[in-house]
Amino acid sequence: MSTISEIPKEEYITTCTAACAGCSSSLSLRYVLKAAGPDTVLVVPACCTSVIQGMYPNTSFNVPVYNIAFAAAAACASGMSKAFRSAGKKTNVIVYAGDGGTVDIGIQALSGAFERGTDFLYICYDNEAYGNTGMQRSGATPLGAVTTTTPAGKTETKKDLDQIVAAHNPPYMATACSAYPLDLYKKVKKALSIEGPKFIHILAPCPPGWRYNSDKTIEVGKLAVKTGSWVLYEREYGKLTVSGPSRTALKKPHPIEEYIRAQGRFKKATPEIIAELQQSIEKNLARIKKEEEGIC
Amino acid sequence: MLMISTGNKAVAAAVKQAAPSVVAAYPITPQTEIIEQIASYVAAGEVETEYIPVESEHSAMAACIGASATGVRTFTATSSHGLLYMHEMLHWAAGARLPIVMANVNRALGPGWNTWAEHTDAFSQRDTGWLQVFVGTVQEAYDATLMAFRIAEDERVLLPVMVNLDGFTLSHIMQSLETVDLGDFIPANRLPYAIDVKNPMGYGPMTGPDDYFRFRWDIERSMRDAREVIRETEEEFARRFGRKYGPAEEYRCEDAEVVVVSMGTLGKEAEVAVDILRKEGIKAGSMRLRWFRPFPDLDLKGREVVVIDRDYSFGFGGVVAASLKAKTGIECYNVIAGLGGQEVTYNDIADFVRDRRIGEEMWFGVSE
Ligand SMILES: Cc1ncc(C[n+]2csc(CCOP(=O)(O)OP(=O)(O)O)c2C)c(N)n1
Ligand code: SF4
Ligand SMILES: [Mg+2]
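Residue numbers (our numbering), protein chains in the order written: chain A, 1425 to 1720; chain B, 82 to 449.
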């Protein structure tokens, strides 16, 4: 499959959801479900997706959605996956969790489920803050970003979730971004064809949280990739391959300012912070290049 | 200073004045505004507090425990699932005799997700050894938070205190707030047995049955002493700042023949209901229970009692009604109302009184 027009027309999310205008995490979920198809259960901890799906007795999603407590998604999915497999069912169990529910409160359950080799797909959609509760900082909030609990800009760097997951040696893990739906679609398809614990980390720009106009949601995602702030890759059985859209950035990334200036949340970032962000991009790109070439 | 404030901001204003050395907190609706406000005070250098943005509520309480054990003043705030996720650490904080103060914005429990007011979250922590007070106004949220530090840190108590305020109906509404010039109302925190490398001790090691039993009794002894400390503190508060509080807020109870017992903001609705009923010739009164732990002695002899429970203990009954009955032997008309933020107006409360059937339980709005 090489063009977006080949993605199935079936929709598993109705056109009416409670998401904000320009919400790219719900856009991502649309493609995730197109790839996963109807034999799928979503496990959702407390996050924006708990709200986006709508209010009882309505639902905007057309697959079963199992809502669960904030810290518990991966553990709940462990039980669900074992139960389906013991009944001889191949049903996809997909956790769709925010960054807070993944890198902060949910990381213990995530680690446990991966260590036990649970047959499921864990997707973290990363809007780099606690969206549901009104944009407080999370461990995934980048350095310098203003949130409601970091009014002067975050003083710590973004937690490297992917390295933590990689340390569990899952058979498949990948990064994706809402601005590249075809890439995301293919990665979900591939992940679900593999048995065991799979992980996809989606960068999901968020207009109210990142403070840009909702019509810019794709543009901001593309800038994240073009500047190398976000690198698209997949790691199959430990072998890393950088994905198409990130190839150019790997060679010559756009300056970070292009990404940062498109968003209001970095307006308090000093030149020093911007330089630090730029350095960490260069370090990360170098590390990924080396890993892809097999020198690490 | 007189101002307009939400319940959440009133709590934050009190915390700012009490100036804890450490605040460790995690966001959850409808508490979030409290910690956002504190974070902004800290960022602006308006208060000398270390703010730890922990990764969960279990860690929020654990961080408060670690900080408090060194002898400094600590504060956190949470709600609903956050409070439940802390549960293990709540027992720990009380068992370790640490005077941590926490605001809990009362909210219903999932599933399904519901962010509106209910008291089951706090009542589920009934047996943790925390003192619990429930407030009914923005002013009281502020006053009770200030008093909580003094009560918790009193050496006769040395137990954590939870200040409960209703989600949205108090946390997010605006009322007038008069802040006080605190002076020395809250004396410096002097925790005995604070961690001291010059005097090394083991904290919470393996403990055999006899010693363990004595430690538990000591918690209860302090809970009993806390009644006196609460009384003294509320009296001193009234003397200095002019606002009177007690174990319950009574409204037109002196000659009342029927008394509505409730907690939180419903207690303020009940006062309006009492006025309506009085006009009809029904001698009604309202008793808004403020302290839940230690549970106060209420004088309800010779009156008919209508208890509104915004909570439920499944398989048993309303928690407040059951507690009152256990303490006083009084049979009441137990109305279960307001769960998950169900709207309960003063007219509804007046109806509860008019239609009371003593000895029965009624689920408001559910017809079988
Ligand atoms: C134990 C517990 N603590 C706090 C909350 C409140 N809460 C619900 S969602 C959320 C933030 C979720 O952030 P994230 O996982 O990044 O997802 P997003 O909302 O950004 O989609 C918080 C703090 C909760 N529901 N349960
Ligand atoms: S806050 Fe952000 S992630 Fe949440 S629904 Fe709105 S746009 Fe989507
Ligand atoms: Mg998030």
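Each hint should be verified, as a subset may be incorrect.
[Unchecked claim] Distance windows between CB atoms, simulated:
hint : chain 1 : residue 1 : chain 2 : residue 2 : range
1    : B       : Gly-421   : A       : Asn-1486  : 18 to 28 Å
2    : A       : Tyr-1490  : B       : Ser-448   : 24 to 34 Å
3    : B       : Glu-331   : A       : Asn-1482  : 50 to 60 Å
4    : B       : Asn-428   : A       : Glu-1539  : 49 to 59 Å
5    : B       : Glu-313   : A       : Asn-1708  : 56 to 66 Å
6    : B       : Ile-276   : A       : Arg-1685  : 41 to 51 Å
7    : A       : Thr-1438  : B       : Trp-444   : 31 to 41 Å
8    : B       : Arg-312   : A       : Ser-1638  : 33 to 43 Å
9    : B       : Pro-281   : A       : Arg-1671  : 14 to 24 Å
10   : A       : Pro-1632  : B       : Ser-257   : 26 to 36 Å
11   : B       : Ser-257   : A       : Lys-1707  : 35 to 45 Å
[Claimed, not checked] Pairs of lysine to aspartate or glutamate, EDC-like flavour, derived with a Cα cap of 20 Å:
hint : chain 1 : residue 1 : chain 2 : residue 2
12   : A       : Lys-1613  : A       : Glu-1434
13   : A       : Lys-1583  : B       : Glu-352
14   : B       : Lys-364   : B       : Glu-352
15   : A       : Lys-1582  : B       : Glu-136
[As the list claims (entries may be wrong)] Covered by chain B, according to a simulated footprint, are these stretches of chain A (three or more residues, beta-carbon under 8 Å):
hint : stretch
16   : 1429 to 1441
17   : 1647 to 1658
Because the hints were derived from the structure by calculation, they are not lab data. We put the beta carbon where it would ideally sit given N, CA and C, even for glycine.
Hint-by-hint comparison with the structure:
A hinted range of 18 to 28 Å for the beta carbons of Gly-421 (chain B) and Asn-1486 (chain A) is consistent with their spacing of about 27 Å. In this structure the hint that Tyr-1490 (chain A) and Ser-448 (chain B) lie 24 to 34 Å apart at CB holds, the actual value being about 31 Å. Checked against the hint of 50 to 60 Å, the pair Glu-331 (chain B) and Asn-1482 (chain A) fails, with Cβ atoms roughly 45 Å apart. One distance hint, 49 to 59 Å for the beta-carbon pair Asn-428 (chain B) and Glu-1539 (chain A), holds here, with the actual separation near 57 Å.
For Glu-313 (chain B) and Asn-1708 (chain A), the Cβ-Cβ distance of about 60 Å falls inside the hinted range of 56 to 66 Å, so the restraint holds. The given range of 41 to 51 Å is respected by Ile-276 (chain B) and Arg-1685 (chain A), whose C-beta atoms sit roughly 48 Å from each other. For Thr-1438 (chain A) paired with Trp-444 (chain B), a C-beta distance near 34 Å keeps the hint of 31 to 41 Å intact. Take Arg-312 (chain B) and Ser-1638 (chain A): their Cβ atoms lie about 56 Å apart, and the range 33 to 43 Å is violated.
Judged by the Cβ atoms, the range 14 to 24 Å given for Pro-281 (chain B) and Arg-1671 (chain A) is violated: they are separated by roughly 59 Å. Judged by the Cβ atoms, the range 26 to 36 Å given for Pro-1632 (chain A) and Ser-257 (chain B) holds: they are separated by roughly 31 Å. A beta carbon spacing of about 54 Å between Ser-257 (chain B) and Lys-1707 (chain A) contradicts the range 35 to 45 Å that was offered as a hint. For the proposed pair Lys-1613 (chain A) and Glu-1434 (chain A), the alpha carbon gap of about 15 Å is at most 20 Å, so the pair holds.
For the hint pairing Lys-1583 (chain A) with Glu-352 (chain B), the CA-to-CA distance comes to about 52 Å; that exceeds 20 Å, so the pair is violated. Proposed proximity of Lys-364 (chain B) and Glu-352 (chain B) is supported: the alpha carbons are some 13 Å apart, at most 20 Å. A hinted pair counts as satisfied when its Cα atoms are at most 20 Å apart, and Lys-1582 (chain A) with Glu-136 (chain B) qualifies at roughly 13 Å. Using a Cβ-Cβ cut-off of 8 Å, 0 residues of the stretch 1429 to 1441 of chain A lie near chain B, which falls short of the minimum of three, so the contact claim is violated.
Given as covered by chain B, the stretch 1647 to 1658 of chain A fails the check, having 0 residues with a CB less than 8 Å from a CB of that chain where 3 are the minimum.
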